[in-house]
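Q: Take the given structure of chain A and dock chains B, C and D to it, following the hints.
Residue numbers (the numbering used here), protein chains in the order written: chain A, 1 to 206; chain B, 1 to 206; chain C, 1 to 206; chain D, 1 to 206.
Read the hints as simulated data drawn from the structure, not as lab findings.
Be a bit skeptical, because a hint or two may be false.
Going by beta-carbon spacing under 8 Å, a handful of chain B positions derived as facing chain C [said to hold, decoys possible]:
(1) Leu-3
(2) Glu-7
(3) Gly-12
(4) Ala-15
(5) Thr-19
(6) Val-22
(7) Val-30
(8) Tyr-189
(9) Pro-193
We put the beta carbon where it would ideally sit given N, CA and C, even for glycine.
Protein chains: 4
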Amino acid sequence: MSLGRLEAFSDGVFAIAITLLVLEIPVPSVEPGGLTDALLDQWPVYAAYVVSFAIIGIIWINHHAVFGYVERVDRGLLFLNLNLLLWVALIPWPTSLLAEYMQSGGSDERAAALVYALTMTLMGVSFGGLWLYVAHRPGVGAVARLQPLEVRSRTRRFVIGAPLYALSVGLALVSAPACLAVNALLAVYYALPGGGAMKHLGDTRS
Amino acid sequence: MSLGRLEAFSDGVFAIAITLLVLEIPVPSVEPGGLTDALLDQWPVYAAYVVSFAIIGIIWINHHAVFGYVERVDRGLLFLNLNLLLWVALIPWPTSLLAEYMQSGGSDERAAALVYALTMTLMGVSFGGLWLYVAHRPGVGAVARLQPLEVRSRTRRFVIGAPLYALSVGLALVSAPACLAVNALLAVYYALPGGGAMKHLGDTRS
Amino acid sequence: MSLGRLEAFSDGVFAIAITLLVLEIPVPSVEPGGLTDALLDQWPVYAAYVVSFAIIGIIWINHHAVFGYVERVDRGLLFLNLNLLLWVALIPWPTSLLAEYMQSGGSDERAAALVYALTMTLMGVSFGGLWLYVAHRPGVGAVARLQPLEVRSRTRRFVIGAPLYALSVGLALVSAPACLAVNALLAVYYALPGGGAMKHLGDTRS
Amino acid sequence: MSLGRLEAFSDGVFAIAITLLVLEIPVPSVEPGGLTDALLDQWPVYAAYVVSFAIIGIIWINHHAVFGYVERVDRGLLFLNLNLLLWVALIPWPTSLLAEYMQSGGSDERAAALVYALTMTLMGVSFGGLWLYVAHRPGVGAVARLQPLEVRSRTRRFVIGAPLYALSVGLALVSAPACLAVNALLAVYYALPGGGAMKHLGDTRS
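Next comes chain A alone, as it looks inside the complex (with noise of 0.2 Å):
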């Protein structure tokens, strides 16, 4: 009961963060004759809209994997959750900073690659916190259930994210375009099997 009140809140904000991306695609207003031009000029905005959907929808799947191992929601785990909440509903900023500043070049354009690496960044850190926490912390998460094996495969993928992550920190500063790939990689990367995250998913109805 308690844990789907938190599992739905959570639901709600995954959901609420990934439909207000919209928001940051401007309807460009533009002289007589220009829209078609203004609409392919914004495709940094498009490409952004889609790696940051797919960037949150995969950690709401990931997020969902992980709760299936909760047995027991305690004090810790509520505040790594709203720690890990924080940076997913902050991710439309970034996603509009880049998507804003990603033909401009110059300092500009790597200040506005930064900012959005290091969102991911950080929201990988409390994603892979967050796993840590239900696989280690006795009574939280349903270890007994898992083969020790399946607990770190488990781990090496949701903590790998983080430095990957951070390379792409690396890498803002030296191409914005080359950064947002990156992140659509890991994206890609952690939508692939592997550590069984998906496995839970293959329950049936009952």
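A: For chains B, C and D alone, coordinates are given in the frame of chain A:
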């Protein structure tokens, strides 16, 4: 349980996207005495609001009908559903674009209508793909509960949307209001009985 | 199950519409030292926020009361409910319009109040229609659980809203604040006991 | 069932309000090369985002704790809860106001901090009222499940918020950052163990 959380997340995205449409209706800034005319002049905004509201509402109803046959959530279903939600969540943007440029005439009006119709087409393709996956992927859909004739009837209904929406893409190049009207007619078509989409909804509370 | 998902979707739209109202409250841009005055000057914004919040909250309570008698969801109910949600989701817009123009005087103020009162009237008509459908459509409502007297009492209560809201349309042509005040009084009327709208809510947790 | 829908609606408002906070973070419009400075300059925006996020998150946790003792939903509870949600849903506005004016100095800064602290105070008063109603209204709260000592400990905890928030109103007249810091400390206070607010959350899944 897993299925319940997937449905709840999807319902959240539908509910938010349908409610965000209102943010696209501007409060006009006018010279004293000009509000009545300004409100009447922006009739395309209201038309686009109603049509997009109806479209999202009816996708939601049909989404429900499709998920009524899901017995097991796998990775493929998860991503096909996320792909559908990406297009649903996008709808407020082309709605706003079309509303803004519908009376502007020329290439701008056609570009805006094209983007609107393309979004609906990709949403229709995504929906058709989701249904085909549920209907034909072994273990995912409860096909045993459906007569082959019923499967074919639903397939006709859910897959025919994509080419009909695509037709409205062509129409967008001729007339933006006609394009919006065709999208409205498609919403009416999916609202009418047929294909049993609604049948599942007739279940009693128990 | 079906009914549960319909209620959850409706609750989502109510919760989002009521929370989006806050976006209509502007952060004033002022000359240094002018913020206090600017904040006091926009009192109609706060009044409109509170009245619209109360109206949406109370429609939600009454929506709950109506759905407490639903036994079976059919196509008609689905569309009457979607129609009600269309007007509920619209409310942030006339709220913002009225707040913006309430102190402007003249025809602009009357036009804004007219749009506000018309939206509430159409919402009231939609609500009355939904109740009449639940109460009289065979198989949809649990009329057997209600005394004929109770049905009539609820009908009086839920159907009287439309003409009362319509009255506020007339008033809008005279005075915008009076029109808002009448809408506030209507919210108070629906909040008061009577007609047993609340009775259903008295159920224990089990 | 009734209680479930009330909790779900409240959770929806909490989740939306907490996620809408991100819309208050502006994407700066700058001269080429000025983005880094502009992003650093708007630090009050980030501070206000984090503090308001924490406050809404912790009210949500405490709301959950209060509703864990509700056995029966009556009209009074419904309206006290709606009143609390009105203040919670408002929070993004004073957050944005404070973020905008925190560095402006003078009377504007104090006015913004005053509005922020007043909103939190009224939220605190509303929360205290809700708890007192649940604890003392016969039939509403499950007081039989609580020791008198526990009731008193929770009452101390939930009712003390209002005067502490009120204290921050006075502080707003002196220093806006100090006022925000006190609100952050109050969030920390409610996050710490004590009064058993969290105890209810310790239930196992079953």
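Q: Now tell me, hint by hint, if it's right for this structure.
A: Okay, the hints, checked on the actual structure:
1. Leu-3: With Cβ-Cβ at 11 Å, over 8 Å, it is violated.
2. Glu-7: Result: holds, 7 Å to nearest chain C Cβ.
3. Gly-12: holds, 6 Å
4. Ala-15: Since chain C brings a Cβ to about 3 Å from B/Ala-15, closer than 8 Å, the hint holds.
5. Thr-19: holds, 4 Å
6. Val-22: It holds, given that the least Cβ distance between B/Val-22 and chain C is near 5 Å, below 8 Å.
7. Val-30: holds, 7 Å
8. Tyr-189: violated, 14 Å
9. Pro-193: holds, 7 Å
When the structure is compared with the earlier hints, violations turn up for hints 1, 8 and for no others.
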